[in-house]
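Q: The lines below spell out each chain.
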Amino acid sequence: MSFTPDIQAFCCHYTSQQTIAEGREGLKNDGLPDSVNLNRLVCTGKLQVSSLLKAFENGADGVYVAGCPADECHNMKGSRRAAKRVLAVKKALKELGVEPERVEMYHLQRGFHPEFIEAAQEMDKRIKDLGPCSLKGEDK
Amino acid sequence: MIIAERKPVDEILGMVKNAERILVLGCRGCVTVCSAGGEREVEILASLIRLGMKKQGRDVEVIEGSLVRQCDKEYIDAIDQWQGRYDIIISTACGVGVNFIANQRPTDKVYPALNTSFLGGSPEQGVWTEQCAGCGNCILHLTGGLCPVARCAKSLLNGPCGGSVDGKCEINPQVECVWQLIHDRLGRLDNQDMMNEIMPIRDWSTAGHGGPRKVLRDDLTI
Ligand code: SF4
Ligand code: SF4
Numbered sequence: 001m002s003f004t005p006d007i008q009a010f011c012c013h014y015t016s017q018q019t020i021a022e023g024r025e026g027l028k029n030d031g032l033p034d035s036v037n038l039n040r041l042v043c044t045g046k047l048q049v050s051s052l053l054k055a056f057e058n059g060a061d062g063v064y065v066a067g068c069p070a071d072e073c074h075n076m077k078g079s080r081r082a083a084k085r086v087l088a089v090k091k092a093l094k095e096l097g098v099e100p101e102r103v104e105m106y107h108l109q110r111g112f113h114p115e116f117i118e119a120a121q122e123m124d125k126r127i128k129d130l131g132p133c134s135l136k137g138e139d140k
Numbered sequence: 141m142i143i144a145e146r147k148p149v150d151e152i153l154g155m156v157k158n159a160e161r162i163l164v165l166g167c168r169g170c171v172t173v174c175s176a177g178g179e180r181e182v183e184i185l186a187s188l189i190r191l192g193m194k195k196q197g198r199d200v201e202v203i204e205g206s207l208v209r210q211c212d213k214e215y216i217d218a219i220d221q222w223q224g225r226y227d228i229i230i231s232t233a234c235g236v237g238v239n240f241i242a243n244q245r246p247t248d249k250v251y252p253a254l255n256t257s258f259l260g261g262s263p264e265q266g267v268w269t270e271q272c273a274g275c276g277n278c279i280l281h282l283t284g285g286l287c288p289v290a291r292c293a294k295s296l297l298n299g300p301c302g303g304s305v306d307g308k309c310e311i312n313p314q315v316e317c318v319w320q321l322i323h324d325r326l327g328r329l330d331n332q333d334m335m336n337e338i339m340p341i342r343d344w345s346t347a348g349h350g351g352p353r354k355v356l357r358d359d360l361t362i
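Same order as they appear, the protein sequences are chains A and B.
Quick note on numbering: the first sequence equals residues 1 to 140 in my numbering.
Quick note on numbering: the second sequence equals residues 141 to 362 in my numbering.
A portion of the hints provided could be inaccurate.
[Stated by the list, open to error] Computed Cβ-Cβ distance ranges for the label pairs, DEER-style:
no.: 1; chain 1: A; residue 1: Gln48; chain 2: B; residue 2: Val208; range: 37 to 43 Å
no.: 2; chain 1: B; residue 1: Ile311; chain 2: A; residue 2: Lys125; range: 27 to 33 Å
no.: 3; chain 1: B; residue 1: Val173; chain 2: A; residue 2: Glu138; range: 38 to 44 Å
no.: 4; chain 1: B; residue 1: Ile311; chain 2: A; residue 2: Glu57; range: 21 to 27 Å
[As the list claims (entries may be wrong)] Covered stretches of chain A (in silico footprint by chain B; criterion: 3 or more residues with CB under 8 Å from a CB of chain B, positions within the stretch not fixed):
no.: 5; segment: 64-70
no.: 6; segment: 102-116
no.: 7; segment: 120-130
[Claimed, not checked] Calculated from the model, a selection of chain A residues having no Cβ within reach of chain B, i.e. all distances over 10 Å:
no.: 8; residue: Asn75
no.: 9; residue: Arg80
no.: 10; residue: Ser134
Worth flagging that the hints you see were computed from the coordinates, not collected in a lab.
The beta carbon of each residue, even a glycine, is placed where N, CA and C say it ideally should be.
Isolated chain A, as found in the complex (with noise of 0.2 Å):
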């Protein structure tokens, strides 16, 4: 059966430059996946839980965080922020009963970097690995 997941991601401004620069269209060519919604945020320090909860209310089968490298944040500690709060979400989807993989924080180099592809595609692959998400109550 095949499932496009709804996966969203949160993207500090510094990560996602090549977003602004390629155009949806671009990133589409260098392999972004039709799964993957940007959302792009000054910081992800700025980044609370019930944000991410929020993507799942709104039916996200995944979540995932680019934020500058834990130790190069341009906010200084931004990214280690978030990576914390995304720490929590784990701990709250596995309160649920839900796969804690459905969110992840990556750290990323700023700027244009094949990397910031390669993590839409890991979760593109993780999320289709694991089926859509308990939480939408479509199993009930």
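Once you've looked at the hints, dock chain B with the ligands against the given chain A.
A: Coordinates of chain B with the ligands only, in the frame set by chain A:
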């Protein structure tokens, strides 16, 4: 302040299982400061309840609200603003808040989202430790400002017990022996003689062993 932490989601989902409309009610007092039950945590818990119920194939309405405090009568009255819009209240206040709602609203169903843990402080971000047990008859002037009632595993008033090793309590090597701390501190303050004073057997009625406690201030009542 009062330190608390959220109960497991499963336990909370069990409380709300028959409800259609849930008011998740935060408190902007202590539990906001210890990041257990303020507006931010209300938002998170509301989301978790919606997700948990949806997973079971149920759509519930979850209203998010918060009060200045849940431990004062006049603030509890503000719940009237949601009147008729909820079947149950999940309070993210400490146990005092839940009791206050139950005291004042005889027909409202109210359940605790938090485990109220202790009276404590935050030595560093994200860490809270117990400091006082609210015993109602403070002896900190005799113990160098460090509380053996709350911080000694046996609440000894004439410690140490003899079981401490390298300054750590015998119940757990991660826990400091507060009597060692008291001893060292009294020494630093040149008050080491206080260690030789024997505290008499204590009347614990002020500590709750004499039933629920009450403070009455005639100068403040109207
Ligand atoms: S002696 Fe009693 S009131 Fe004083 S800090 Fe200890 S528990 Fe609190
Ligand atoms: S080792 Fe110290 S803190 Fe622990 S029970 Fe004995 S006196 Fe109390």
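Q: Against each hint, give a clear statement of whether it holds in the structure.
A: Outcome of the hint check:
Restraint check, A/Gln48 to B/Val208: a C-beta distance of roughly 22 Å breaks the suggested window 37 to 43 Å. A beta carbon spacing of about 49 Å between B/Ile311 and A/Lys125 contradicts the range 27 to 33 Å that was offered as a hint. For the pair B/Val173 and A/Glu138, the beta carbons lie near 40 Å from each other, so the given range of 38 to 44 Å is met. At about 43 Å, the CB distance of B/Ile311 to A/Glu57 disagrees with the hint of 21 to 27 Å.
With 0 residues bearing a CB less than 8 Å from a CB of chain B, the segment 64-70 of chain A misses the requirement of three and the coverage assertion fails. With a cut-off of 8 Å between beta carbons, the segment 102-116 of chain A has 0 residues touching chain B; three or more are needed, and the interface restraint is violated. A stretch counts as covered by a chain when three or more of its residues have a beta carbon under 8 Å from one of that chain; for the segment 120-130 of chain A and chain B the count is 0, and the coverage is violated. The non-interface label for A/Asn75 is consistent with chain B: the shortest C-beta to C-beta separation is roughly 17 Å, beyond 10 Å.
The claim that A/Arg80 is not at the interface with chain B holds, since no C-beta of that chain comes within 10 Å of its own (minimum 12 Å). At roughly 6 Å from the closest C-beta of chain B, the C-beta of A/Ser134 falls inside 10 Å, breaking its exclusion from the interface.
Comparing the model with each numbered hint stated earlier shows that hints 1, 2, 4, 5, 6, 7 and 10 do not hold.
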